[in-house]
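Student: Below, each chain spelled out in residue letters.
Protein chains: 2
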Amino acid sequence: MKFPTGYTYAAIYAGIRKQEKNDLALIVSTPPAVAAAMFTRNMVQAAPVRLARKNLASSKGRVAAVLINAGNANCATRTGDRVALLSTRAAAKALGCRADHVLPCSTGVIGVELDPNLLTGSLTPLVAKLSPDAFEDVANAIMTTDTRQKIAWEEVSCEGGVVQVVGMAKGSGMIQPNMATMLAFVMTDAVVKADDLDAMLERAVERSFHSLTVDGDTSTNDTTLLLANGASGIKPRGRERDALADAVARVMESLARQIAADGEGARKLIVIRAAGFRNRKEAARIARAVANSPLVKTAIAGSDANWGRILAAAGYSGAVFDPRDVDVRLQQTLVCRKGLAADYDEPALKAKLDASEVEIEILHQREGKGEARFFTCDLTEGYIQINGSYRT
Amino acid sequence: MKFPTGYTYAAIYAGIRKQEKNDLALIVSTPPAVAAAMFTRNMVQAAPVRLARKNLASSKGRVAAVLINAGNANCATRTGDRVALLSTRAAAKALGCRADHVLPCSTGVIGVELDPNLLTGSLTPLVAKLSPDAFEDVANAIMTTDTRQKIAWEEVSCEGGVVQVVGMAKGSGMIQPNMATMLAFVMTDAVVKADDLDAMLERAVERSFHSLTVDGDTSTNDTTLLLANGASGIKPRGRERDALADAVARVMESLARQIAADGEGARKLIVIRAAGFRNRKEAARIARAVANSPLVKTAIAGSDANWGRILAAAGYSGAVFDPRDVDVRLQQTLVCRKGLAADYDEPALKAKLDASEVEIEILHQREGKGEARFFTCDLTEGYIQINGSYRT
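Residue numbers (our numbering), protein chains in the order written: chain A, 2 to 393; chain B, 2 to 393.
Some hints here could point you the wrong way.
It does not matter which identical chain is meant; a pair holds if it fits inside one copy or across any two.
Said to hold, decoys possible - Under the rule of at most 25 angstroms between Cα atoms (straight-line distance), these lysine-lysine pairs were calculated in the PhoX-like manner:
hint	residue 1	residue 2
1	K55	K339
2	K351	K19
3	K55	K194
4	K370	K130
Keep in mind that the hints were calculated from the coordinates and are not lab data.
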């Protein structure tokens with residue numbers, strides 16, 4: 002894994018979470034990067050989300066640093082706006098950059114006051130630790146109920162040389178399209194115009210984080226950032242730019258898969274593909290309904306080829322189709338042919354369903370080219386255990 | 002509990018489910034009743050649902066008998082239509098009534114062929130058992146993963162005498178508005194015109210079964226029937242008719258609460274009330290989103306006053322509001338005031354949340370009179386255990 006030039010990273014324990022594990026992290030770009038951003042669409046938005054939007058507007062989309070804390074969402078509290086403002090100002094001072102060039106991100110419990118001194122008091126030692134090699138330290142510090150770090154990497158060869166794309170994310174529970182308690186940061190050292198960067202982000206998110214669901218819940222803090230600092234001096238053009246867009250999309254898809262596979266209590270990644278429907282929107286409705294069905298997710302947890310539940314979820318998705326035109330395949334095995342039970346070897350399929358990645362395909366035999374893919378995970382007792390006592 | 006006159010009931014073990022427990026049941030009305038019906042809106046509809054619709058059309062809404070089996074949904078199979086037809090014809094023959102006066106209902110696993118001989122061969126002994134006192138036998142026979150029978154009763158005093166309303170339902174998992182693997186049968190001996198009966202059913206369902214969710218899934222077999230056979234000879238008019246409509250609504254609300262309380266793995270009934278929003282539709286969006294949130298449902302399972310999850314679910318419901326206008330109350334305790342943490346005694350509230358019925362209120366302080374209530378249950382390890390191995 003190679004890192005894009007011009008980025009440094011640091012993480013520290015600031016005492017925000019009870020457990021002594023790094024909970025404050027910094028990503029710094031020199032020079033300040035062009036940024037494309039997407040935030041939660043929840044009506045309830047955390048203070049850092051509001052401030053990040055404001056800073057991006059006033060800095061015209063330039064970002065010198067991202068300040069991230071875990072353990073507290075800084076949401077629905079009396080002092081949230083002030084905490085976000087004080088901590089980004091302190092970061093700007095310690096870094097010697099403009100305050101509106103610092104974006105805040107928070108993840109953790111909602112509705113608990115966050116002591117701003119924990120953040121401001123940690124900034125000098127945090128800045129002192131900045132290093133181009135501490136990428137994984139940040140990926141670890143931003144984890145909450147995640148059981149493992151989520152990172153991905155691509156490189157793109159251009160005429161002028163090679164540019165790098167790296168990404169990290171945190172996810173786990175409360176993830177669903179539009180979007181997730183999900184923080185994702187993707188960095189490249191290519192030279193990219195703001196408009197092009199926005200287009201790359203939108204395309205990549207549509208097929209990754211917006212096609213991802215763990216439990217159907219959407220958080221107040223979701224943030225996806227794509228940064229391009231141009232530190233490589235290489236400006237991809239034409240097909241090189243397309244290749245860069247593809248690389249960004251692959252990094253985000255990889256992060257989305259890792260988030261689904263590490264859903265709270267998950268033992269399996271489930272990839273749902275709906276194809277042959279009237280259009281992408283109809284296919285996405287079906288894929289999303291199947292991905293969000295607790296009955297499907299518990300069946301997969303039990304390696305049970307219960308395709309009736311898959312067909313039923315497609316049926317209530319809102320998509321319009323005749324079930325007699327629909328096939329269902331599980332791990333490439335045809336289990337439902339034209340809406341009816343197909344002949345298949347049940348014990349053999351059960352064994353295939355024990356895999357750590359399970360593919361569900363809902364295939365329309367007639368209509369069109371509408372296709373969509375969704376990522377989710379199985380639903381196990383672990384999810385309940387984690388979420389029944391998260392705050393205690 | 003008094004029973005409406007003119008109805009008889011019977012249940013028998015026909016060998017449809019492996020476990021030797023009654024799985025075939027009959028409700029007979031003499032004379033044939035005026036019927037109002039609502040069926041699943043799933044695109045995938047079981048054969049008995051299709052035949053029941055057809056019979057109601059051809060009989061102009063008259064019903065002499067309802068034939069119900071548990072253990073097999075008779076859905077997505079090669080022979081489903083034929084099985085439904087053969088079994089209702091056999092019932093009509095055994096009862097000496099028109100075939101289109103018999104409605105079939107099935108509940109159980111999808112996609113497994115149902116042997117029609119199991120049903121037709123059991124009809125003579127089933128009819129021989131018909132009795133006005135066997136109401137609860139039917140309520141028990143239609144259960145699948147239900148842990149207890151669901152019945153309710155009301156009576157209405159009219160000038161000409163008293164009319165009775167009784168209801169039974171099966172529910173458990175896979176329940177959600179529009180509608181539920183839910184079968185519900187409500188019978189009265191009042192004289193009611195078809196149009197009035199339709200209106201009564203629609204109003205009662207809106208505030209009961211359509212305000213009920215266990216896991217967000219909707220089944221292929223949902224059926225709610227309201228029968229009025231007029232056997233009492235009493236025709237409620239004016240305010241008496243309103244009183245009858247209220248009685249029907251209370252019976253259905255009681256059944257809906259019982260279904261939620263007996264959701265798969267549930268230990269608690271959760272009643273969600275959203276009030277003060279722009280209109281009922283906006284309030285219902287919020288109540289439904291909170292009711293469907295696995296994060297809220299697991300928190301309540303753990304008696305955790307995690308109001309941030311409630312606010313977040315309201316935020317992604319699609320309803321438009323400013324969180325700073327919203328209060329949240331749990332068991333009458335104010336936990337969130339104007340979108341911020343309220344002062345409350347956490348251990349005392351935790352104890353209150355250990356109750357078998359938990360009330361969540363989301364209260365808008367400004368806008369309007371839009372109010373809605375939803376019924377659901379907590380989400381526990383039990384749900385996963387039941388649904389990970391339902392077919393095995």
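Student: Against each hint, give a clear statement of whether it holds in the structure.
Tutor: Hints and how they fare:
1. K55 - K339: between (52 angstroms within a copy, 23 angstroms between copies)
2. K351 - K19: between (42 angstroms within a copy, 21 angstroms between copies)
3. K55 - K194: within (21 angstroms within a copy, 62 angstroms between copies)
4. K370 - K130: Neither: 51 angstroms inside a chain and 56 angstroms across chains, both beyond 25 angstroms.
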